[in-house]
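Asker: So the sequences go chain by chain: A and B.
Numbering of the first sequence is given in this note's numbering, commencing with residue 1 and proceeding in unit increments.
Numbering of the second sequence is given in this note's numbering, commencing with residue 435 and proceeding in unit increments.
Hints were generated in silico from the structure; no laboratory data involved.
Hints are supplied without guarantee of correctness; some may be wrong.
Label pairs and their computed distance ranges (CB to CB) [stated by the list, open to error]:
#1 B:Phe462 with A:Ser48: 56 to 66 Å
#2 A:Gly411 with B:Asp570: 48 to 58 Å
#3 A:Gly166 with B:Gly488: 50 to 60 Å
#4 B:Thr510 with A:Val153: 23 to 33 Å
#5 B:Glu526 with A:Arg236: 35 to 45 Å
#6 B:Asp535 with A:Thr191: 55 to 65 Å
Counterexamples of contact, computed for chain B against chain A with all Cβ distances above 10 Å [stated by the list, open to error]:
#7 Ala522
#8 Asp540
#9 Glu614
Pulled a few chain B residues facing chain A out of the computed Cβ check, cut under 8 Å [unchecked claim]:
#10 Gly506
#11 Ala537
#12 Cys539
#13 Gly551
#14 Trp569
#15 Leu571
#16 Ser581
Yeah, the Cβ is synthetic: ideal placement off N, Cα and C, and Gly gets one too.
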Amino acid sequence: MTTPTTPSPSSSSESAAPPTETVRLAAVAADLQDERLIQQHGIGGAISSFRRRVRAGDIGSLPVIIGLLVIWVAFSLLNPNFLSSTNLVNLTLQCAAVGTISIGIVLVLLLGEIDLSVGSVSGLSAAILAVGFVNLEWPLVLAILAALAAGVVVGLLYGFLYTRFGVPSFVITLAGLLGFLGLQLWVLGSTGSINIPFDSWIVQFAQQTFLPDWLSYLLVVLTVLAYAALRYGTSRRRTAAGLSALPVSSIVIRSAALLVVLTVPTWYLNQTRGVGAMFVLFLALVVIMNFFLTRTRWGRAVYAVGGNVEAARRAGINVTQIYVTVFVLCSTFAALGGLLAAGRLAAANQGSGGGDTNLNAIAAAVIGGASLFGGRGSAFSALLGILVIQSISSGLTLLNLDSSIRYMITGAVLLLAVIVDSLSRRSRVSHGRA
Amino acid sequence: MTVLNQDQVRSAPTGELVLSMRGIDKNFGAVQALTAIDLDIYSGEVVALVGDNGAGKSTLIKILAGVHPKDGGTITYGDRPVSINNPAESNELGIATVYQDLALCDNLDVVANLFLGHELGRATIDEVEMEKRSWDLLRQLSARIPSVRIPVASLSGGQRQTVAIARSLIGDPRIVILDEPTAALGVAQTAEVLNLIERLRERGLAVVLISHNMADVQAVADRIVVLRLGRNNGEFTVAEVTYEDIIAAITGATDNAVTRRAQARVDAAGDAAVAAGASPDAAPPEEDRP
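Bound-form chain A, shown alone (with noise of 0.2 Å):
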């Protein structure tokens, strides 16, 4: 844009500067004429707005990144098996179930409100699947529809129960962790475990199936061109606006290590078995997550109400179609998280879904950053935060730890991931960035 600022009589200084100045600001773009505004430019300048920006409390996903890799440090240190092929290929596996659970949780998170009952949901669309499937004999599909179908009716009820009465979600939640507890026991009947015939495809998809090398490669390749593709549609439309861009050189840049990031973890996967294909799923479903609450309008109205329920209101936004879309959505995520489990277990019994299900998944969501107060969080919290839960579960596995050190060291973990979100959002409050 290269229209100058207006010349008013009563107006600010701005409006008083001699017309070399006005010369000089219509060179510049639209988003970048205000002289206050710390400008930086190049490698240099990305650096140093990144190092104020920490300072400032705006760390993003910075603990969790550093907390991973002190982590992984440390246990391959303690026993080199760690970091071996074999050992990560069973750590995705593992993320993928309660990850996928954890995507829900993330949600709720994000309009500050939170679903207790994830664990028991999950199971309860487990057992669904193994009677429908196993004991009725429907068609695998229709078990698993079934099963996610649930989700969605949880998800409803919650939603109705929360904006048609106003009860808080905790209560809820916490009323629907024993209730589908108890009908989760109720579907399962007396024998209490049933087995999934390992030929079905659910425990095949769980359990064996891995990307041929070429795919996985292929699909590092094409997510990277995506990338780098949206980055410079972007970076010209901008141009075209008059307003600043990310230059190609950056683009490059950032393409480039995407490549790496993506590539490494890839190849090293695939000198074993290879990328499970229950991580891919997971994977791109915190994608498709991450692109709704980003580009479309009902992710943005998820932010807002998370931010400021009235201002929302007052903004024209279906306050109430937000709240029951996400109670929906996470209740249905748990329910998938579920089958993906039962999947992999190849069995549902009364313990699916219990134990530490449910608190690992909003562990993972605070602990990859989706604050507790609401409006702050992305979709790759729940990635990040699973990877840093299941990465000390493996790693003090390997140790032939018990589990209740596992408990412990889980617990004190959440407990800093918490710390760090207060902190910094008392910092970002105090540099004005909350």
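Fit chain B to the known structure of chain A by using the hints.
Answerer: Chain B only, in chain A's frame:
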């Protein structure tokens, strides 16, 4: 210092009559909040709605904003009678209300707040077009926002008010209602917002300004409508009114601290000063105004 009757008021503003309220009544249970209120709103004019706490200012603008339905009276928009039953109908008539709490989402950036609920683009949000239009709008208002890609939480009070007012312009309204826009602001920030109100008038918008700050009212308003205990209690043109007259109309008494002090000054200055009663000397000092 003339209290104008309806005919004089109608001829005074240069703009056309946009909206006219006649005999508006509103009660909450046993409380008669508004009784036979008249209010005219003209384009290209800033009308200040003043009155003490409980005078009915907020109730009146909430009727315009569609928050409360009126119990009696008529609202005429242009030349047709209208009823405003909910906020959406108010928006459709081109009435934009900026509430005192601003209703901004602190976690979203300026662009997202400006277009909240009215995002551009079809299936996906068109961020580039939104950012471009944000800058165009903010430049038109000579608004001093350093970056539109920072969260609203990092802006000053005046800048937040600016964003809230700019947001009300996104729907291309004809009437903008501002509820206490300078209440929580410092001197420089108040000046910023008052400049902005001037810009709105220059754009030909009808502005309804609620304020307790008489300096602000006298700085930007063209016409002052005083409410007292839910009734009209005087209508003034700013050029011809003194601070004391407004205070007297608001409090409903000619005997109060302000008038007594003014009277003491007048007495001390002698008869010569009585003739100059409407001169700026009696108004608050010029440097108090931003």
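Asker: Against which earlier hints does the structure fall short, listed by number upward?
Answerer: 3, 4, 7, 8, 10 and 15
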